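As they're listed, the protein sequences go chains A and B. Each position in the first sequence, counted from 1, maps to that position plus 52 in my numbering. Each position in the second sequence, counted from 1, maps to that position plus 189 in my numbering.
It should be emphasised that the hints constitute simulated quantities derived from the structure, not laboratory data. Computed from a predicted structure; not experimentally measured. Among the hints, erroneous ones may be present.
[Unchecked claim] Below 25 Å or equal to it, Euclidean Cα-Cα: the simulated DSS-like pairs (lysine-lysine) are:
(1) B:K219 / B:K378
(2) A:K60 / B:K316
(3) B:K315 / B:K378
(4) B:K315 / A:K61
(5) B:K316 / A:K61
(6) A:K60 / B:K315
[Unchecked claim] If you want the footprint, here are the derived chain B segments under chain A, 3+ residues with CB under 8 Å:
(7) 290-303
(8) 311-321
(9) 324-333
(10) 339-348
(11) 357-366
[Stated by the list, open to error] Just the calculated beta-carbon pair ranges, DEER-fashion:
(12) A:N116 / B:V372: 38 to 46 Å
(13) B:G343 / A:F69: 28 to 36 Å
(14) A:E99 / B:L245: 27 to 35 Å
(15) A:F69 / B:P248: 17 to 25 Å
(16) B:A371 / A:A72: 24 to 32 Å
(17) A:L114 / B:V286: 22 to 30 Å
(18) A:Q137 / B:G343: 16 to 24 Å
(19) A:T97 / B:P246: 29 to 37 Å
(20) A:Q137 / B:G281: 17 to 25 Å
(21) B:K378 / A:R81: 41 to 49 Å
Heads up, the beta-carbon is just placed ideally off N, CA and C, and yes, glycines get one too.
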Amino acid sequence: MTERLKLKKADVLLICFLLAAALALLLLRGGGDALTAEVTVAGETVERIDLKAVTSPYDLTLENGVRLHVEPGGISFCYSDCRGQDCVRCGVLTRAGQAAACVPNKTLVVLTGKPPKGAPDAISS
Amino acid sequence: MLSLHHSEFRIPNSEFAHPKPSRPRYSPAKKAAVAGLMAALTLALSFVERMLCAALPLPPGVRPGLSNVAVMFSCIALGLPFALAIILVKAGFVMLVSGVYAGIISVSGGVLSVLSVALLARFAEKKLSFTGISVVSAVLHNFGQLTAASLLVGSALYLWMAPVLLISGVVFGAVTGMLLNAVLPALLKIVPKVENFEGK
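For reference, chain B alone in the conformation it holds in the complex:
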């Protein structure tokens, strides 16, 4: 069914403010398809990142978190359940490649990170830009991973790892947030729920 829902497309000062009237309203099936696409993108980015990390002189344990671009976008555009599903798919991939422990660490970081994105996008959206939301999400992702690793290793790693992971979270969180800003126009062409990208 093609119907017009102009209220969905009210994004001030943007090229998306006046969409073509023929733009269809998306079905849950399309949403699921986009979620699948984003899950694939997440896995691909996570794989590329692994290769990048081998080449870049980064401190131990530090990763840019490129796949967070796709996860964050999914969380805002598709909603928390889809984002959590993507996190589980990614953790499954990590589990296959690096083992169960790495999978547990991945899922704990991922869940904390998407929860923060969902909360901030809902309640602090007018105050924070994507960059700010992404920074918080990256820092919490690191702390989720650190907590899981601390529990698994049996000793608190916070004092040792926290400064490095805080700084890397801020730096790479800002980078991924800006990256999301840069690719957003392209992603918005395939996303079903545009209204999540306007200030509520």
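For reference, chain A alone in the conformation it holds in the complex:
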């Protein structure tokens, strides 16, 4: 049983490979200076909110009854009629790349580093 406790070479290689894959995915996802919340319901984007432009907090009620709390630099689920309430427990999303979903209501909130559609990617002078 003692040899079982030790990590084998294949274990270490496997862990390194998986961590490298995670890193690659993080790089692939890319960053950005903006902070945009994309709200999708059943695969369709219903809202794009520039969180850096938000000055005072407000609540946003979606057609399916889910209520999102939008605040400067952050967004969270504040009400959902689902049983699990995992979406509400996710708390406030504040960084690009974070996401929270309410599966029963097919609602997904994703933060990206890209500016909202229509806004310029960069302004050069």
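Dock chain B against the given chain A, drawing on the hints supplied.
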């Protein structure tokens, strides 16, 4: 019937290598009883984990998967059918507590995870330790859940959730694998099929 099956207990370099000759061979009924015990342990660990998650500052959607210790042990010691049954019991529990969708997500992650444990324990057992098997199982558990959630939500969540779930799968998979190593001597005292724990 008490009979001696020395071939069952050949575990090199271990305290289990020389069991007491009076050790009985276990019946299917005992196996079922142990499976029940493991199912109860799975539910208890999953409940404890829920409470732990509320206290720990973990990213959204990340759970340590403590109950995987019992599921993985059952899969290796009792076999795939028992492990799948435990997964179904756990999904039923999750369904009662968090709703049907959570149950579907739980079962898809669980099935993928035990299938990987069963395959790796059979074919890659000499190359990977429990930690390695547990890491693969945890990562696949996360991807099973992610696939189910993506289908249910209607948009692919992979790009957003995959890095976090990969890293958490590796970290917590390693933790649960080591945990299984630590509790294994105690669990082996009640397990019927010891031969699954020796290299085939």
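Here is what the structure says about each hint:
no., hint, verdict
1, B:K219 / B:K378, "holds, 13 Å"
2, A:K60 / B:K316, "holds, 7 Å"
3, B:K315 / B:K378, "holds, 23 Å"
4, B:K315 / A:K61, "holds, 11 Å"
5, B:K316 / A:K61, "holds, 8 Å"
6, A:K60 / B:K315, "holds, 9 Å"
7, 290-303, "holds (count 3)"
8, 311-321, "holds (count 7)"
9, 324-333, "holds (count 3)"
10, 339-348, "holds (count 6)"
11, 357-366, "holds (count 3)"
12, A:N116 / B:V372: 38 to 46 Å, "holds, 44 Å"
13, B:G343 / A:F69: 28 to 36 Å, "holds, 31 Å"
14, A:E99 / B:L245: 27 to 35 Å, "holds, 31 Å"
15, A:F69 / B:P248: 17 to 25 Å, "holds, 22 Å"
16, B:A371 / A:A72: 24 to 32 Å, "holds, 28 Å"
17, A:L114 / B:V286: 22 to 30 Å, "holds, 25 Å"
18, A:Q137 / B:G343: 16 to 24 Å, "holds, 20 Å"
19, A:T97 / B:P246: 29 to 37 Å, "holds, 30 Å"
20, A:Q137 / B:G281: 17 to 25 Å, "holds, 19 Å"
21, B:K378 / A:R81: 41 to 49 Å, "holds, 47 Å"
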